[in-house]
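**Student:** Build out the structure end to end from the sequences listed, making use of the hints.
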Amino acid sequence: MRRFSELLDRLVLTPSRNGKLRLLTDYFAGVPDPDRGHALAALTGGLDFPSVKPAMLRALVMERMDEVLFAYSYDYVGDLAETISLVWPAPESVDEVEAPALGHVVETLSRVSRSDAPTVIAGLLDRLDPSARFALIKLATGGMRIGVSARLAKQALAALGGRDVGEIEELWHGLEQPYETLFAWLEGRAGKPESAARALFRPVMLAHPVGEGDLERLDPAEYVAEWKWDGIRVQAVSEGGVKRLYSRTGDDISGAFPDLVAAFGGDVALDGELLVGDPIVRTGSFSDLQQRLNRKTVSKRMLADYPVFMRCYDLLHWEGEDLRQRAFEERRAVLEKVVPALDRHRFDLSPLVAFSRWDELDGLRRDPPHPVIEGVMLKRRDAVYSPGRPKGPWFKWKRDPFIVDAVLMYAQRGHGKRSSYYSDYTFGVWAGAEDDLQLVPVGKAYFGFTDEELKLIDKYVRDNTVERFGPVRSVRAEPGHGLVLEVAFEGLNRSTRHKSGVAMRFPRISRLRWDKPAAEADRIETLTALLAE
Amino acid sequence: MFSGKPFGGRSRLMIENDTPDKRVFRSGKKSLSFRRMKPQDLLHPRPEGLYCPPGDFFIDPVRPVDRALITHAHADHARAGHSSVLATRETLDIMRLRYGKDFAESRQTAAYGETIDLGGVVVSFHPAGHVLGSAQIAVEANGLRIVASGDYKRHLDATCAPFEPVRCDVFITEATFGLPVFVHPAPEAETARLIASLAQFPERAHIVGAYSLGKAQRIISLLRAGGHDAPILIHGALAKISRYYQGQGIRLGRLEPATVEEGAGTRAAGQIVVAPPSVLGDRWTRRFADPLSVFASGWMRIRQRARQRGVELPLILSDHADWNELTATIRETGAGEVWVTHGREEALVRWCELNGIAARPLNLIGYEDEAE
Ligand SMILES: [Zn+2]
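Going line by line, the protein sequences match chains P and V.
Quick note: the first sequence uses this note's numbering, first residue 299, plus one each step.
Quick note: the second sequence uses this note's numbering, first residue -14, plus one each step.
Hint data in this document are derived by calculation from the structure and do not stem from the laboratory.
Treat the hints loosely; a few may be bogus.
[Unchecked claim] Here chain V is said to cover these stretches of chain P; the calculated rule only asks that three of the stretch's residues, wherever they fall, bring their Cβ under 8 Å from a Cβ of chain V:
#, region
1, 316 to 329
2, 363 to 369
3, 380 to 386
[Claimed, not checked] Not everything, but these chain P residues come out facing chain V in the computed CB check (under 10 Å):
#, residue
4, E304
5, Y374
6, F432
C-beta: ideal position from N, C-alpha, C; glycine also.
**Tutor:** Structure below.
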């Protein structure tokens, strides 16, 4: 447990991606099975212990100390888990040999009943040092936030075994905790684990934004264009009777969309956009779609009012064959046969947009035929499907050039009716090297969101406060953790007053991107490129 | 103006650590009549600091006064400009290093355990275990003994004499870490983490922020004890004091100046650089190879404190007593009354109440967290 808690403490405070990778790789290399596998599960969000609740922990500590002293302590520290970990009256010295291993802790927590939980947790806390107590509480209550994405953990595994991260992501959903077969393969002690589970996630291919001068170098005849629909990227996979719907990061979101999952089958892996509506009748807006996002369960009413469908644009697997090494045009040809055979109310084909010159496409992009289109996608006809964001084969060219995905950095209390809310937001975009991303503030906005959204952001601000300066709070904003705000604005001026060198005209929050990882917010170059225009 | 011999006659009589009430009080020529006085008549706070009316002196005054008794040389306790100063030899030496030889008009040395009569009030200095030369000051008159702890700790420290508990009627304790959340871990385990990080990140310079008097020398001493023999680079602000420590026989190993301009961004890869905490994240660190900021402080127990300062490797290492040391020490002094000062007074006052000890906060002003 000590190695694990040390790892967590270091990860939280290590800003650079490479530093985090080194800490993770060294940990996986140095810690034996099954502990490292349990750690991997914890880092990738694969652990859930429903029997342990923060209120129970609080009650446990109140049995052991004066409530006034606890109140002073909690007030000073500010975080319940951390306070409990620090004030827990442990035996005089915690013997390292006797301290329970992570594997023991995980197995204990996963078996414990709600009624036994208090005694069992207290027994574990008694045998751990403060740092390990903190790790235990965070682990048990599911509040682990350490600025490490599941992808980064997988990249550390890739580094450990000298493998490509795509290989690990592909295997991932077929593996079982504590991942002993995976480590054996990475260390060259065994072959690659067979994907025992079916309907695995395929790492997705992403597009680069069209930058200044990019198109001049490209031949329009080598590319096809499609509308860029304003939904969320999903992957629908069906294999051997198992069906799953994945988000772009490989999270299984089948539970939230039973209506869509019920509507496909066979042996297929589709890539496309999840939208609200019925493709034959209408395509709903992103705010309609938001009614369906971030829900663990979904009511009948919700299913009826906001049905979802998938607009398909790629085919990764079909009838026993992996199509990803085939050219886009070949995959598209199969896709055009597969999609019409599916439920017409749940699946349709993303139409191609005919064009012969870039300026012609530019005109279509600026004036799209449907409000839910946010631009066009460009795909090279001969491109294979390669996971990640290779430069060249895929581009996105957004309709409104003045939209940027920024990360919330500071929030300030509003005035009047909003005085109890943090309603004025300062946001930033990324600058610096890929492994040393820094946010630079680029603007401030205080409208564009609904009252419901205001409540959600306010809660987010309070839950993620780093520091307070009078009415202003700084909010956790780092590549692995942050709230992405889609900001719309009317134009951009050069500014010497702002560190970023740019000032936005009339910025407003056009959308909350709860679904978007902070690291994927825009970079400052996206804005400075606009200045050139 | 006060001149001539500032402090009264001395005697070699040591204060015995028996119970205060049975104590035989014989010292000084001008003993006040043997009548129990009220504690606040012997010592009470004034804007300048803690004042003793019968002895006409201040303890650790924050403004210039005629007679100052100084517990230790940290800047917020030891200020320049008093007419006369009574302190341990080491404290006087360090004040001279910091402020120049004219930091006070006259200076007098107090040896640990020696009693000194100041107008019928008997004072004595006792090791506080905080930094080199640090002392608690016992003040006694008419059968009443008050001990002002100054800053103190109970964890072992090879760079200074260990704390000695002194029985007393009233104990004035510091409370820098006066909350149950502060329980300092074993110091050796903390420096072991630093040594491990050097091996894990050999391409990075490890910049250790540590208060330049005491903490810096203590962490160097701990690193040496942990087997780290390589030269350690030190910031110019630490040089004089570290040399003084070495002159007092404290083993710090090979120290080299860090304050050299050349080698932008490449210096000291895989080495330890010790510097005042204020330079962490400052331009000063840019000369070093991919600096990894380390902060040695009791505050590092709280994650948020480490995050706020951008510290990558927090070491929980303090020269102040933690919660357990504070409460154990209060018991050991046998004091029936406790005055709590600089720090989180309210929690320690609460603990005293729960344990049947009279306690109150003593609101002294002008003392800081001293970058602890
Ligand atoms: Zn001090």
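**Student:** For each hint, tell me whether it holds in the structure or not.
**Tutor:** Each hint, compared with the structure:
1. Evaluation of the coverage hint for the region 316 to 329 of chain P: fulfilled, as 4 residues show C-beta separations to chain V shorter than 8 Å, against a requirement of three.
2. Residues of the region 363 to 369 of chain P lying with their CB closer than 8 Å to a CB of chain V number 5, which satisfies the three-residue condition for coverage.
3. Under a criterion of three residues with beta carbons nearer than 8 Å to beta carbons of chain V, the stated coverage of the region 380 to 386 of chain P is upheld, 4 such residues being counted.
4. Taking 10 Å as the C-beta cut-off, the interface hint given for E304(P) holds, the closest approach to chain V being about 8 Å.
5. This hint holds: Y374(P) has a C-beta 6 Å from the nearest C-beta of chain V, less than the 10 Å allowed.
6. At a threshold of 10 Å, the smallest CB-CB gap from F432(P) to chain V is about 8 Å, leaving the interface hint in force.
Every hint, counting from the list given before, is met by this structure.
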